[in-house]
Amino acid sequence: MMSASEVIKLIDTTRCTACRGCQVACKQWNELPGLRTKNRGSYQNPPDLGWNTWTLIRFQEHVNEKGTFKWLFRKDGCMHCTDAGCVKVCPSGALYHTEYGTVGIKKNLCIGCKECIAACPFEIPRYNSRTDKITKCDLCLTRLQANQQPACVKSCPTGALSIGPKDKMIAAAYDRVKVLGGDANVYGDKFLGGTHVLYVLSEKPEVYDKLPKNPSIPLSVTVWKDWLKPLSWIAGGGVIAGSLLHYILHGPKRPYPEADQGDHAERGE
Amino acid sequence: MPEKGMIKATDLFERVVHWMLAGSCILLFITGLGMMFRELNFIGSFMGGLVGLKYVHNFTGIIFIVSLILATRMWWREAGRFEFPDDLEWIKQAGGYLWHVDHVAEAGKYNAGQKMFFLTVVGCGALMGVTGLIMWFPMGLPMGLVRWMYPLHAFGFVVLFAFFFVHLYLGTIGSPGSLPAMLNGWVTRAWAKTQHPKWLKEMEAAGKLEVYGEENKEAVSH
Ligand code: HEM
Ligand code: SF4
Ligand code: SF4
Ligand code: SF4
Numbered sequence: 018m019m020s021a022s023e024v025i026k027l028i029d030t031t032r033c034t035a036c037r038g039c040q041v042a043c044k045q046w047n048e049l050p051g052l053r054t055k056n057r058g059s060y061q062n063p064p065d066l067g068w069n070t071w072t073l074i075r076f077q078e079h080v081n082e083k084g085t086f087k088w089l090f091r092k093d094g095c096m097h098c099t100d101a102g103c104v105k106v107c108p109s110g111a112l113y114h115t116e117y118g119t120v121g122i123k124k125n126l127c128i129g130c131k132e133c134i135a136a137c138p139f140e141i142p143r144y145n146s147r148t149d150k151i152t153k154c155d156l157c158l159t160r161l162q163a164n165q166q167p168a169c170v171k172s173c174p175t176g177a178l179s180i181g182p183k184d185k186m187i188a189a190a191y192d193r194v195k196v197l198g199g200d201a202n203v204y205g206d207k208f209l210g211g212t213h214v215l216y217v218l219s220e221k222p223e224v225y226d227k228l229p230k231n232p233s234i235p236l237s238v239t240v241w242k243d244w245l246k247p248l249s250w251i252a253g254g255g256v257i258a259g260s261l262l263h264y265i266l267h268g269p270k271r272p273y274p275e276a277d278q279g280d281h282a283e284r285g286e
Numbered sequence: 288m289p290e291k292g293m294i295k296a297t298d299l300f301e302r303v304v305h306w307m308l309a310g311s312c313i314l315l316f317i318t319g320l321g322m323m324f325r326e327l328n329f330i331g332s333f334m335g336g337l338v339g340l341k342y343v344h345n346f347t348g349i350i351f352i353v354s355l356i357l358a359t360r361m362w363w364r365e366a367g368r369f370e371f372p373d374d375l376e377w378i379k380q381a382g383g384y385l386w387h388v389d390h391v392a393e394a395g396k397y398n399a400g401q402k403m404f405f406l407t408v409v410g411c412g413a414l415m416g417v418t419g420l421i422m423w424f425p426m427g428l429p430m431g432l433v434r435w436m437y438p439l440h441a442f443g444f445v446v447l448f449a450f451f452f453v454h455l456y457l458g459t460i461g462s463p464g465s466l467p468a469m470l471n472g473w474v475t476r477a478w479a480k481t482q483h484p485k486w487l488k489e490m491e492a493a494g495k496l497e498v499y500g501e502e503n504k505e506a507v508s509h
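So the protein sequences, as listed, match chains A and B. Just so it is clear: in the first sequence, position 179 is 196 by our numbering, and no numbers are missing. Just so it is clear: in the second sequence, position 3 is 290 by our numbering, and no numbers are missing.
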């Protein structure tokens, strides 16, 4: 089913019933422990993504302009960006683009520097202080490599989750949006070089909790990696070259001979 | 080894602090580069992998901060403040380093160029310390703040890295006779008269100059 070319996981939020099968399947497949949480008066549990929770159904009560009440369920998790801020900053190469276009993580390489946390527009990477490493969804890379669907997709009983070749999934998303009409839209193909997780949203993106309307690589990452990083060796190299040139053309600054007075003063060097 | 008639430019404390600052700074350069460029990740293999390198960088940072505080306290009086008109004159002539100048403006213990280097090290060094600590412990701090620490840390590095090579050049082959000032502390009278004439005059006038082989009870140290 899955050849080594770009894939997309489609999340059709309009089909999600918030059964949280995917949440449990992810924990089970990736052997992530469930930690005790408190009742906060919401079905959304645990309250947020964490080092032990790579995907999560966000529960949101929404009242539209017409005063109609509606539950919004959104499966949150790594978007597997093409222009991935996390890959761009990772100093060790722990985060990388896989043969499927997704963003994998080589656990053994991670040094726990937390740089990726601040570089991700979706606040996905989470830190595990016990292992001193970052965790996040890897789109079940080993399952893809074994020709299997990701655990969350496999577990989904309503067909809200599906995976397949990039072009096919984008087309499927737009077909679905056409059927839905209204504010329904495709989220993910228009920014960050196109993400490898795509949403079909029933409402405008800005309606959803914790979903940036127009995500981009933070300006701070661009300034840091695209401007200052090359400048560092250009400036360093320029100064070394300049110094050598100065030495050859102008010559070093030696103590003046006329400053030589008395028998115990000597020329420099 | 010092010879009779040589002049004491720095005391032991000054030199120890200088080399603490320089040593920690260079180690930070090297380990920092090991994280900045993936091609240089191998530097970590001498430190038990990149994780080891990260911890060497972080703890060397503490030594650097301590050295920086000591250096700032120690050199602020001599190198932290510009004195006009001499320093301005010196800057206009670029200290006579770039084109011929008949009479270079008289410099005190540190010339305007050295003062600029000192203030750059203090300013960028403090920036490195603050941004570095926040990058080390970012959890629980606002994301908007943490995000900008990385480019600021990189900016400080660009400036320090470039200035470092100027300093290295002028402390060694670019200005013969300077290096002993930071090795054993003794320089020749000719060097002192050329590089820091005002300082030499003032010290002599105040009777505080320490000359090798001569007693001086007035001599002061840091
Ligand atoms: C191996 C590299 C280095 C050498 C050979 C060196 C040499 C010297 C010398 C000879 C002086 C005295 C100059 C004089 O009295 O005219 C000096 C001063 C000084 N050094 Fe270094 N240094 C090195 C690295 C560093 C580094 C990495 C830093 C800090 C980042 C640093 C900070 C300072 C400061 C602040 C002074 C005070 C005077 C000035 O501003 O020039 N040095 N160094
Ligand atoms: S969503 Fe965040 S963690 Fe996932 S690939 Fe994009 S930048 Fe990286
Ligand atoms: S914490 Fe790990 S994965 Fe994240 S940037 Fe650092 S080394 Fe890379
Ligand atoms: S793709 Fe795999 S790792 Fe990612 S959320 Fe689904 S089950 Fe979890």
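Read the hints as simulated data drawn from the structure, not as lab findings. A portion of the hints provided could be inaccurate.
Partner residues are not named here, just some residues of chain B that face chain A (Cβ under 10 angstroms, in silico) [to be verified]:
{"no.": "1", "residue": "Phe300"}
{"no.": "2", "residue": "Phe324"}
{"no.": "3", "residue": "Gln380"}
{"no.": "4", "residue": "Phe405"}
{"no.": "5", "residue": "Trp423"}
{"no.": "6", "residue": "Leu457"}
{"no.": "7", "residue": "Gly472"}
Cβ atoms here follow ideal geometry from the backbone N, Cα and C, with glycine treated the same way.
Verification of the supplied hints:
1. Phe300: 25 angstroms, violated
2. Phe324: 8 angstroms, holds
3. Gln380: This hint is violated: Gln380 of chain B lies away from chain A, its Cβ roughly 12 angstroms from the closest one there, beyond 10 angstroms.
4. Phe405: Hint on Phe405 of chain B: violated, closest Cβ of chain A at ~17 angstroms, above 10 angstroms.
5. Trp423: 9 angstroms, holds
6. Leu457: 8 angstroms, holds
7. Gly472: Status violated, d = 16 angstroms.
Checked against the numbered hints above, the structure breaks hints 1, 3, 4 and 7 and satisfies the rest.
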